[in-house]
Amino acid sequence: MEKESIKVVVDLIRESSSNGKFIKYEDLNKEPISLKDDDITKVIENITLDPEYADIVKRQGKEHSYLYSNKKMTENYASIVFRVEEKELLKLLVETVRYESKTYPRPTTISLFSESPFNFNNQQVCDFLKQIIEKGEYSDILKTKASNGSEYLYSSKYLTNDYAVALTQWIEVDQFLTP
Amino acid sequence: MAKLGGWTGKILRVNLTTGVFTYEDTSKYKNLVGGMGIGYKIMFDEVKAGTKAFDPANKMIFATGPLTGSGVPCSSRTNITSLLPSNPYNAVSDSHMGGNFAAVMKYAGYDAIIIEGVSKKPVYLNIKDAKVTLEDASFVWGQGIYNSTAQIASRVGKEACIAAIGQAGENMVNLSVIMNGHSHSAGGHGGIMGSKKLKAIAISGTGSVKMAGTGEEWYNLNQYMLKGIIGANNQHVVPSTPQPWAEYNNKGSRWTAKKGLTWGAANEPIETGECNATDQNKIGYRTMKSTFDFGDVAEKYTVRMGGCQSCPIRCHSEMDIPNLEKFGVSRYASNTCMGYFSPFGVMFNGVKDQFEKGDAKMIGGTLGSQLADDYGVWCNYGNIGRDLKYAYESGTLKKVIPAEEYDSIPWDKLMNGDPSFLIDFYKRVALKIGEFSHMGDGSYWLAKRWKFGQEFWDSHDVGLWSPLGFPKHHSSEAGAQVGAILSCMFNRDAQSHTHMNFIGSGLPINVQKSIAKEKWGSETALDAPLNYTPMNEYKAKFAKWSVIRNCLHDSLTLCNWMWPMTTSPLKSRNYRGDTALESKFLSLVTGEKISEVQLDLAGERIFTLHRALTVKQMGTTDMRGKHDLMCAWVFDMDPDKKAFTPGTIKMDRADMVIALTMFYKEMGWDEKTGAPTRATLERLSLKDVADQLDKLKLLP
Amino acid sequence: MSGQSKQSILERETTRRDFLKLTGKGVGGVILSFSMLSLFGCGKSKEVGGFALSKGLLIADRNKCTGCQRCEVTCSAIHEGKIQPYISKVKVSRNFNYGLVGPSLNYMASDGEYGNRLMNPETCKQCREPFCGNACPQHAIVSDPNNKGARVVMKDKCIGCGTCTKACPWHLPTVDPETKKSSKCKACGVCATVCPTGALKLIPWADVKATLNKNGYLLG
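Chains as they are written, first to last, in the numbering used here: chain A, 39 to 217; chain B, -6 to 693; chain C, 1177 to 1396.
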């Protein structure tokens, strides 16, 4: 396998990662790369072995295999993209809310999910919120609202209601009193 | 003075009474660095205790420091020191203005300009390098800052940088500003220039700031800072939305650039895009502030971002809103943060959307900022609007204002959310029209004159931090006792951002706490937001470090809204910034090697000098009892909650007593009174200050 | 010159000359047409000036200029070892307040920070017929063959008379009041390297050639 061809593939992966996108194995069949399946396997093997390309990460989904560069895309971001690609959106929402409640800690603005790479539409958000109420396994996911109407979600595993309410108000309204 | 880089070596003293200019060597202030340090020393040595702000004996010091104009990022800040008329004791304060003025002062050859005496007639100071004259200003006396500046510029040259007062300063309104550029104003001291009949200072400078290091060394240190340490506005180091290059994100972050978000009113909309942490050619896009301040509606009205000389951050929103002309003001407006929010806050009953859905805040802010900035009215960090709300809702206004005057005020506009109310409001305040104009006295004097009840002081809504009449500003809402302590230390709102920048960086709490441990000795120095714990010695260290850096920046001068570089946006740096960067730049520029610790000592010296000056001006060592005070709401808010439980910023009285004691101990001040001791003053090479205080029986 | 010559210097020389021919201007600096600009990602902006420097094409886009003046401080730091915007070879601060012309009665709607907020970054056009060089009584301004023909001031010959400043229609060469020597833009491009918004951008000739070739303009 020519070194040149491998570099082209790596460059493509890195550039896609900069733009927030994975490369799926089958993307390498298409223009402009146009590799055959056997060749794709060979290329990826070469990439895995080359220390210069140690940033290229493989992730296996249910049906697809993905490639990205962890130099251009952080693991956190990649985790979101992975869930989106795998169409596990409700799972993604819940994971995100729990992660934020635990880590920062803070409640999660529902508007986050309309941003890239989530890109949920309003209907999807509504559906998920319904499902959360219905499904027992998500009973820790609760809603708060700031005085300006903005809605947030938090996980009661990590935040008390008082805390979540106060943080919501702080983020949306109170911090602007002392800009 | 030895040939050091940085300082010009020259201080200009202007006596407005005699019209005489004298020059002094900056070297005697070297261990006070510059800026605030020079200002406080001159006030301490030359202005007698008991002097009032508008007395002829008061002085004003416009000062810069060795890094001003050196091209170090965020280094064009002017520090103005004088007595503060809105303070009950007219005690000393510093105000600051960004823009170009500070840098140009250095290029003209001056480290500081001291203004003393009183002119018989309105004048402006015209400085062209070594040529200094006082010129007649009667042709602009009575005009707003914008027109005055243009008129003066047409005489002295378009490249001159002009700092001016408006009618508010001329009329000695307590709440008045001095402004250079279209939006860079220093609060509280405008009236002093007015009392001295000094309308403006115009400066042109064709000279240089020298540096000991080579151009290449300078370039490399700048690159080091710009390609992975500097973040966005307020040194927020995390973007506000998820971006591929970033591990974290935070909705409250000022790193708001993202795909599809544009400077919409540019000739062709310019996308802010995803600005990764090492791309120095996109730093100026990171902080899209207009939509942050006003909401999405502001995008299409944003011409660009702007700001101060040498700063890549650009935190002022430069707006083009054609509909503003309907109010009789320019369609173009500039400002940021409180510059927009305080006029909007004067409309305490809200503003209705004016021309499209969601534009209320934007129209209120951009209309109001032009009025306030042109008249040169200050706001006491936004409290003027809350003072108005209280005065109105308590029925006080109806009581104290004569009926005819009361009826002439367009209250219906205020109550109906019509922002044209602001046109009337600022005019009355600036021109001292009627009893209502005492709104410009500042909260303390206003409450006294109109006999506000105790509930005014106790009210969380009114938001006054101190019985001295200034509001909260990164106080108990910013790092618990750390913010609370800092807010007690000055004679106005602290203007101290070191701690808040760090707290708001956007990083997760465990990352922040690990940095806190490295800097101040323990993770317990930092509480999670709204989840406070009792006082401990590490919080005292964090508070000390914060205020010392603040004073240092106001002396070097550097922008404390950006510096210090406590964090960085790079995971590869483990999100650590470089807190030695001030000392590295100073060493490079001056040629005298100084360490981070040595420079912090200078900051400690400057801050302690401020304390000594406050003791002197208040005529008491009892700082704890008479100065370091907090209003009741700080402790009594959220009555259904307990302090130190998640979800409240409520503080505890006994705990704050301990907090102040611990802080006094860190500073080497008397633990009972909070006054600087002789031992500490001498340790900080302020023996002459100790001797003076001793003579006045003001040592603890 | 045809084919894929690996002689990079000649290639660049040809590209630059042909670029100037293509855009059809006599003066070294050109105002690029819309179609040319769009090739370099500058959209439909009217106010973009392109100047043919040795390393590549320097574009000054005033819509992106925020008036930070980091170009000025960097220029003087690198070339003079001190911070002195007055002698910076790229001029921003002198136009910051009231644009190129100065305060007018209509200042609130004219260029500058007190008006429409538009900045005017000015750079040397490296004129083919340099006004400054032709006027200098000491012949101290020459075309530097080691720097692709950039017009530079020979400091040892300069007497600081200021004729170059007056002769230049844009008053760009500046006599340093501290050294009494003039200096002017050397076409080094470091200002573009440090611009926080990419308002000053140096597009390498290789990219210019590739873009022009790709879009059907033939060069070399």
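Among the clues, some could well be false.
Okay, the calculated beta carbon distance ranges per label pair [said to hold, decoys possible]: (1) B/V393 to A/S152: 48 to 54 Å; (2) A/K140 to B/P315: 26 to 32 Å; (3) B/V590 to A/V211: 55 to 61 Å; (4) B/G351 to A/N157: 19 to 25 Å; (5) B/K425 to A/N157: 54 to 60 Å; (6) B/N213 to A/G99: 42 to 48 Å; (7) A/V46 to C/Q1314: 20 to 26 Å; (8) C/Q1314 to B/A123: 23 to 29 Å.
Because the hints were derived from the structure by calculation, they are not lab data.
Backbone N, C-alpha and C fix where the C-beta goes; we use that ideal spot for every residue, glycine too.
For this session: Hint says 48 to 54 Å; check whether the CB-CB distance for B/V393 and A/S152 agrees.
Result: holds, 50 Å
For this session: State, for the Cβ atoms of B/G351 and A/N157, whether the hinted interval 19 to 25 Å holds or is violated.
Result: Holds: the Cβ-Cβ distance is about 23 Å, inside 19 to 25 Å.
Exercise. Would you say the C-beta atoms of B/V590 and A/V211 sit inside 55 to 61 Å of each other?
Worked result: violated, 41 Å
Exercise. Holds or violated: 26 to 32 Å for the Cβ distance of A/K140 and B/P315?
Worked result: violated, 48 Å
Exercise. Is the gap between the beta carbons of B/K425 and A/N157 within 54 to 60 Å?
Worked result: Since B/K425 and A/N157 have Cβ atoms about 56 Å apart, the given range 54 to 60 Å holds.
Exercise. In this structure, is the beta-carbon distance linking A/V46 and C/Q1314 contained in 20 to 26 Å?
Worked result: violated, 56 Å
Exercise. Would you say the C-beta atoms of B/N213 and A/G99 sit inside 42 to 48 Å of each other?
Worked result: Holds - the Cβ-Cβ distance for B/N213 and A/G99, about 45 Å, lies within 42 to 48 Å.
For this session: Note whether the CB distance of C/Q1314 and B/A123 lies within 23 to 29 Å or breaks it.
Result: 28 Å Cβ-Cβ, so the 23 to 29 Å window holds.
The earlier numbered hints that this structure contradicts are 2, 3 and 7.
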